[in-house]
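A.B. asks: Based on the provided sequences and hints, a complete structural model is requested.
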Amino acid sequence: MDERILLHMKNISKNFPGVKALKGVDLEVKKGEVHALMGENGAGKSTLIKVLTGVHVEDSGEIYFEGKQIFTNTTLQAQKCGISTIYQELDLIPELSICENVFLGREIMKNGMIDWRATEEKAKAILLDMGIKVDVKGVLSQQSTAIQQMVSIARAISINARLVVMDEPTSSLDEKEVKVLFNVIKKLKAQDISVIFISHRLDEIFEICDAITILKDGERVGYSAIKDITKLQLVSMMIGRDASKIVSRKKSYSKDKMSNENIIETRNIVREPKVRGIDIEVKKGEVLGLAGLLGAGRTELARLIFGADAPQSGDIYINGKKVKLNLPKDAIKAGLGFCPEDRKVEGIIPHMSVKENITLAMLPRLTKMGVVSKKEQEKIVNKYIEALKIKTPHMNQAVRNLSGGNQQKVILARWLCMNPELLILDEPTRGIDVGAKTEILDLIEKLAEDNISVLMVSSEIEELMHACDRIAVIRDGKKAGELYAEEIGEEAIMNSIAEGGK
Amino acid sequence: MNIVNAVTNKIKLFDYKKFLKGEGALITFIVLFLFATFKYDQFFTLLNFKNVLRQVSMLGFVAIGMTFVILIGGIDLSVGSTLAVAGVVAAKVSPYGIGVSIIIPVLIGIAFGVTNGILVTKLKIVPFIATLATMLGIRGIAYIVTGELSVGASSASPGFIQLGRGYVAGIPIPSILFVLAIIAAVLVSKKTKFGRHVYAVGGNEEASKMMGLKVHNIKIVVYAISGALSAFAGVILTSRLGAGQPVAGEGWELTAIAATVIGGTLITGGVGKFTGTLYGVLITGIIQNMFNMQGNLNVWWQNILMGAILLGVVVAQSQTARVSKSGNS
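So the protein lines, in turn, are chains A and B.
Following the numbering used here, the residues of the first sequence are numbered contiguously, the last one being 569.
Following the numbering used here, the residues of the second sequence are numbered contiguously, the last one being 1345.
Heads up, some of the hints might be wrong.
Only pairs whose alpha carbons sit at most 30 Å apart, straight line, appear in this in silico DSS-like list of lysine-lysine [stated by the list, open to error]:
hint : chain 1 : residue 1 : chain 2 : residue 2
1    : A       : Lys189    : B       : Lys1206
2    : A       : Lys177    : B       : Lys1055
3    : A       : Lys200    : A       : Lys189
4    : A       : Lys204    : B       : Lys1289
5    : B       : Lys1230   : A       : Lys147
It should be emphasised that the hints constitute simulated quantities derived from the structure, not laboratory data.
C.D. replies: So this is what it looks like as structure tokens:
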């Protein structure tokens, strides 16, 4: 075996109820190498990492580390082997000091008491070595995310980690901070420490990584040195589909036929770090798709338009009028609806009935003198159950008992009964079976025919091609390109995602 | 550049906002103390100080335990019931001497605490419900064991009675023990692994687990400490009153929680200090003392005042938290 190989995960499989998350995946990381792990949501990246770091136990497969087989059945075992993880959600204690966070669990003791002076000095030395100057006695929560991340890395170094796993470390950093992080990564490399680097930003991967493993649907679909691969190859490996699978879109407006009336427009809208100045407009009766890799800023843009977050700068126009959306309720008043990506958290109220879920947003309109008109309510609910073909035994069924596709329809119904002008759909078909998927897509098409505009975020190119009149490609918080009906094609979309050019 | 830094550093040496946030309990205590001094002639006397100090020390032990529990993000409603059982048992075994009358009740308290800890950790019951259940159960034990009657402590054991009533160098023994306990708690919380791990678990349990801390053990030990200290408070109460009563300590869990929170410990865990709890306990004592001296006011005004102070502290906390947060971004 190659002596430079530090980690070799061999033929790793892992099943969850109903899902084959990993199907015999291999991962090889060399010593002192920065290894990118890429793949779209659900590709198996995080499962693979969790198997490595002891959060999950693999069903089959072997892990070799420094030439010896290891078993990482708990996070502690993984740490003892020399594998440390910097999580996206920082796993530190916010209210404790920096130096304490570095040494927690491995306190430096003197006469049965913690030796604070030594703790401070050692923590300071490690951080200085990384090029970070900071008051180590300061409370962690007072520091920027970047510094907190550095503390996490310092902790890894202090326990003599041989391999540091970084799960989307740059997702909440600004450009300057990313540079600092990259310098630290270079220093780790110089000490022969390996890094597994997970990111969705292609430029970063090509800047800092030496090699790359690409996962898709629980399998390794690519493994290469960075210098031997192009961005386009990478993107097509991650999200590419067989051409035969794609159903061509059924209808579309072409550029010149499109209505000129803008329902909504954003002008140079900014909310760091994910949205960095985006112009976008949705026309009347149009389905606009937002394409891009995970973390490109699509959902964040949608949330800005809906008033769920406030932009730092830039303007939003609705029907040509400049508006300030402080809260979703302002957006709703202006005729917008939003079906969020995570139905369970932001969308449905699981214990409430189909009826109540559908009429939740419109209750004020149904209320006469403080009392909800039941007859009116049931009439509307019945109408939408029928129109959207919601499969439920009766309208008083609790929504949690419905399938994912039908839950999604309930949310759609909720917004439709508000007579919106624009519906924002964030990954409307995620976690929905194939049959229901087509139904939802057809429904979107019907909406457009009824002159309701749709802004649709999706990671599935075939879905976008199926439903959209126009596609805007978002890349690293900026609009990388725009494709009109005639130009929409898999190759064109991927090119735009990869290179930022049209 | 360096000079500028030095100057700004100096200005920042006294950050009054931080001081207000950290020492709200101390300030409240001083205000009440000054008020009482000017208002009541009998207040600023050695005898009165001794009385107040002795009075608060039993609640003090309970509050120290409660502070540990709240620091890990838990709550312990069973402290008052544990205190009652311990007090009754202490009275029953008092003929066998002071050692036995302390050790056996405290061991019982530890057993109750460990039970709470296991319910919360291994059986994953939320602390509020787990300790509500043990609170009811343990109180029941206290009544059944005594047949609802108070149990006289044996006069054959003068040492035991001294524990609650005696003085060393003119200072009541319970007060001395309470101050020692506070000092010990401060040291444990700042200087020992266990103490720091308590803060870590309360601050971010998931992260603590990932760092390899033995979260379950830490929690169980914390509940055991709470049980032990509550039991010890019960022993002292019995010694002082000369009898163990099954109703003893009723409602103390809430007063202890109030004192802890007034002392600046966050109810969500991870932040707080034992000196704060000391002031919180002293505040409850001083309020009671003031009302005793006033004499002509309905005693329930005490509760209203306590409630107001508690609210004031919590509101101040949330305000300063907001200020420091917006100041950062």
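A.B. asks: Could you run down the list of hints and mark each one as holding or not?
C.D. replies: Each hint tested on the structure:
no., hint, verdict
1, A:Lys189 <-> B:Lys1206, "19 Å, holds"
2, A:Lys177 <-> B:Lys1055, "50 Å, violated"
3, A:Lys200 <-> A:Lys189, "13 Å, holds"
4, A:Lys204 <-> B:Lys1289, "17 Å, holds"
5, B:Lys1230 <-> A:Lys147, "15 Å, holds"
This entry does not satisfy hint 2, going by the numbered hints stated previously; all others are met.
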